[in-house]
Amino acid sequence: MPRLSLELLQQANRLATNEPRRPRSASIRRSISASYYALFHFLIEESTELLLGAGGKQQAFRQLHYRSFQHNEMANICKEVVDALALPPKKCKLDAFRPLLSVHSTDLDLIARTFKDLQEHRHRADYDIRKVHTRADALKLAADARAAIDAWRRIKKADRGIVNFLALLLLYGQVVSMRV
Amino acid sequence: MTEDFDIEELKDSVSVTEIKKHGFDAPLPNSVEIMPSSDHAGGPALEVIVVFPKGTSDKDIASRKTAQMLSWVQNTILEKAGSGYWPYVFVKTDDGGCQD
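Those protein sequence lines, which keep their order, are chains R and E.
Just so we're on the same page, our numbering is the position in the first sequence counted from 1, plus 904.
Just so we're on the same page, our numbering is the position in the second sequence counted from 1, plus 18.
Just so you know, these hints were derived from the structure itself, not from any lab.
Keep in mind it's a predicted model, so treat the numbers as computed, not measured.
We put the CB at the ideal spot given by N, CA and C, even for glycine.
A portion of the hints provided could be inaccurate.
Unchecked claim - With a straight-line Cα cutoff of 35 Å, these simulated DSBU-like cross-link-like pairs (lysine-lysine) come out: (1) K39(E) to K77(E); (2) K1035(R) to K38(E); (3) K1061(R) to K72(E); (4) K1060(R) to K77(E); (5) K997(R) to K83(E); (6) K98(E) to K38(E); (7) K72(E) to K1035(R); (8) K98(E) to K983(R); (9) K997(R) to K29(E).
What the hints assert, rightly or not - Partial list, computed: chain E residues near chain R (C-beta under 7 Å): (10) A80; (11) F108; (12) V109; (13) D113.
Bound-form chain R, shown alone (with noise of 0.2 Å):
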């Protein structure tokens, strides 16, 4: 069965071309949307996989999980890995992993940036009805969603030690970050 993230971004393309003079609003809106959510469910069926394994036994243990994952919680402690992969030493919480972090710092850094600007666009679009938004917008945020998603595949694939470490930050960021 297709992933619910995997769907969200189709969603998140289908939105933004459905209508191919001027789109409407609540179209860019939802796709904009659904391209934060593809992120959002793909790090958390990604991280309840790694932590607790992917076979059909560990399903319950899985969603029992998944909610647990914070959207603001996820989006502080992805400010916290781009600023131990660009700040000096010793200026952020992360930085005993620093050396960790950064063998795959521009993917890493890709993944959490997308997800903090996704995050805020997601909320622009759902509650800002001042704000304009463009089909511009909405094909560059599906097109991050997408990139971060390969990025994420390309760690893993290199070393399932850091995903396993970022799905960890990403469900308990406060509090790893805090205990260093």
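With chain R fixed as given, assemble chain E onto it according to the hints.
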């Protein structure tokens, strides 16, 4: 939070001239606007609007090449302003947006 950067300097650092200098080519924007803003949680942020010329195709704006340029714009602002003022990048074309 007190700003420890100058918006005009930030704009200069990601101007179309700078974008060209860094090797990016078509599709190039007409302008890059930066405004102080806040995120959905009320935290300080920057709104960065990259305006492409009228007629630039959506496909070009969503292309990998453009994504690299927009990523450079965001990264340059992040380096200068710090992640305390997260730069949210929006794109638009001079011919407007969607039907409301």
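Tested hints:
no., hint, in the structure
1, K39(E) to K77(E), "holds (24 Å)"
2, K1035(R) to K38(E), "holds (29 Å)"
3, K1061(R) to K72(E), "violated (41 Å)"
4, K1060(R) to K77(E), "holds (29 Å)"
5, K997(R) to K83(E), "holds (33 Å)"
6, K98(E) to K38(E), "holds (19 Å)"
7, K72(E) to K1035(R), "holds (20 Å)"
8, K98(E) to K983(R), "holds (16 Å)"
9, K997(R) to K29(E), "holds (29 Å)"
10, A80, "holds (4 Å)"
11, F108, "holds (6 Å)"
12, V109, "holds (5 Å)"
13, D113, "violated (10 Å)"
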